[in-house]
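K.L.:
Position 64 (the sequence shown) corresponds to 64 in the numbering used here; numbering is contiguous.
Take these hints with a grain of salt, some might be off.
Using 27 Å as the maximum straight-line C-alpha spacing, the simulated DSS-like pairs for lysine-lysine come out as follows [to be verified]:
| no. | residue 1 | residue 2 |
| --- | --- | --- |
| 1 | Lys453 | Lys500 |
| 2 | Lys176 | Lys141 |
| 3 | Lys176 | Lys161 |
| 4 | Lys9 | Lys161 |
Computed beta-carbon distance windows for the label pairs [said to hold, decoys possible]:
| no. | residue 1 | residue 2 | range |
| --- | --- | --- | --- |
| 5 | Ser2 | Ser273 | 35 to 43 Å |
| 6 | Leu349 | Lys523 | 37 to 45 Å |
| 7 | Gly229 | Pro163 | 44 to 52 Å |
| 8 | Thr497 | Ser345 | 46 to 54 Å |
| 9 | Arg316 | Ile571 | 43 to 51 Å |
| 10 | His160 | Leu349 | 40 to 48 Å |
| 11 | Glu536 | Gly242 | 47 to 55 Å |
Because the hints were derived from the structure by calculation, they are not lab data. All values reported here derive from a predicted model rather than from experimental measurement. Note that beta-carbon positions come from the ideal geometry of N, C-alpha and C, so glycine has one too.
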Amino acid sequence: MSYLVLARKWRPQTFSDLVGQEHVSQTLKNAIDGGRVAHAFLFTGARGVGKTSSARILAKALNCESGLTVEPCNTCSTCLEITEGNSVDVFEIDGASNTGVDDIRELRDNIKYLPSRSRYKIFIIDEVHMLTTNAFNALLKTLEEPPPHVKFIFATTEPHKVPITILSRCQRFDFKRIALPRIVSRLRYIVDQEGVQVSDEALAVVARKGDGSMRDSLSTLDQVLAFCGNQVADADVAALLGVVDRRLIMDGCRAVLSKEVRCALQIVAQVDSFGYSMRQFCRELIDQFRNVAILKAIGEPGDLLELSEAELGELRTLADCASGPDLQRHLTLLLKAEGEMAHASFPRLVLEMTMMRMATLAPAVAVQELLSRLDALESGAPAAPRPLRQEGAPRAAAPPVQAPPAARDQHAARPAAMPPASPPQPPPAPQAASAAADGGSAELWGSFVQFVKGKRPMLGTELEQVYPVQVSRQLLEIGCLNGTFELKRMQDPERVTELKELAKAHFGQAPAVRITVLSAPPKDAPPSLSEKKSLESAERQATLMREAEEHPLVAAAVALFDGEIAEVKEIPGKDVIQS
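Please model the complete structure; the sequences and the hints are all you need to start from.
P.N.:
Here it is as structure tokens:
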């Protein structure tokens, strides 16, 4: 006896068996109950969602020997013949094979004869969009005014290819993609009936492979059962279907969000050793971070995420480890990496660099916080000069120079108190004049970073992320946040030697270089250059918004339309607002 595949064995036989298409089944049942059955139907939707099965169920409901019924008996000879596909009054025609006008003319000649033994003669044309234009034209008149004993049911995956003249003569039903939980629930029922032991996680992998198609999911399940037998392991399912093990994906997300660079790189190595596609793994990470971002944003996703409760619980744990803006930045990096992998010769390298950057990404700072910090800097500068500026100021008196080390030690996690004699004070006159000419220690630091970027771009970029705790021609004290990538780089002896050589080339003398570990960004020291750029950008945006709000034309427009200013963009090379 030949084996009957699961997709055929468990094909829906009644409207109640249809999964995920309640809007279609309920409408058809109401039409049958109310005696409002149309003469032509068009079923559209993706593959494997129940179009042809619904057509057969409708044919059985119309021709069942027990009379017009919303639930065919499936026991009478008519129902059994339709189920087996050999009914003399129900014709299933493949539109892809019978595309010509001659085929439609033969069908049209057959229509005028009464059904042999059933109530209606029903024509089911699958993939109807494959018919030629002449074939559609030959069908128009018959479709508009068919005999009372004839019903047409068309099915297609591409309704846009069906002429509008055909569409206007049919009742159209759009079949939806079946939601993942509904497919998993149906698969669970089937494997229980088949006596197979399989976890919900494995069924979810099978359902995702089906991509919203019940038939594809059942075909995949058949393949899994042929490989695993009645005891299905999650690892076997992942290996057979070629999908990335979900545990690797979750571990990758955890490594990134917990900033464990070594663990993130080890996961990439495992992906490579298992033979998974780097690009596919990146796509899986994108999908997972999308899910986490949605959970973080709205809390209860509802139908937005097709995930089980166990999966949602894991993702909620991840969502607690990151902020919404940080998750969006991670997604941006992953999307960029996925695009680069399409043309990259070394996709593993692209993924490794992306994972490293994600794992070392500094937390995002809100614009309002940047603005408040900028205001604090501006308001505090005249009253309490910054220690950095005192060091390079023209006044080289000893007392002001002694104060900054004690103040900075309050913000440093580990640095020892600075020796009072660290900054060389005695030779002040020529240096003070030089520092004044350079504009102070902040300007010294900015010019040095620009010099380094011209010589060593990578090192210059790293210097933009650190804090200039103390800057002079005799001492470069660089502050790095504890646990950051920049701290590890700056503590490298070779990197310190390189900084000394570059400083000597820039300043004309080799200053001492000191790396200080900070537990938090110093409040009394200038921001890093990257933060300074962000602050300046935020200040500029605030200025633009303020100018726009004060402009009379803008105010009149806002009042006229009862609206608000959403965004102000500056046109390069032009004044923002002309009064």
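K.L.:
Now, for every hint given, state plainly whether the structure supports it.
P.N.:
These are the hints, each one checked on the structure:
1. Lys453 / Lys500: Cα-Cα ~15 Å, so holds.
2. Lys176 / Lys141: Status violated; Cα separation ~31 Å.
3. Lys176 / Lys161: holds (19 Å)
4. Lys9 / Lys161: Given pair Lys9, Lys161 is violated - Cα atoms ~32 Å apart, limit 27 Å.
5. Ser2 / Ser273: 35 to 43 Å: holds (41 Å)
6. Leu349 / Lys523: 37 to 45 Å: holds (39 Å)
7. Gly229 / Pro163: 44 to 52 Å: Given a distance of about 50 Å, which is inside 44 to 52 Å, the answer is holds.
8. Thr497 / Ser345: 46 to 54 Å: Violated, at about 34 Å.
9. Arg316 / Ile571: 43 to 51 Å: holds (44 Å)
10. His160 / Leu349: 40 to 48 Å: The hint (40 to 48 Å, Cβ to Cβ) holds, given that His160 and Leu349 are roughly 42 Å apart.
11. Glu536 / Gly242: 47 to 55 Å: holds (49 Å)
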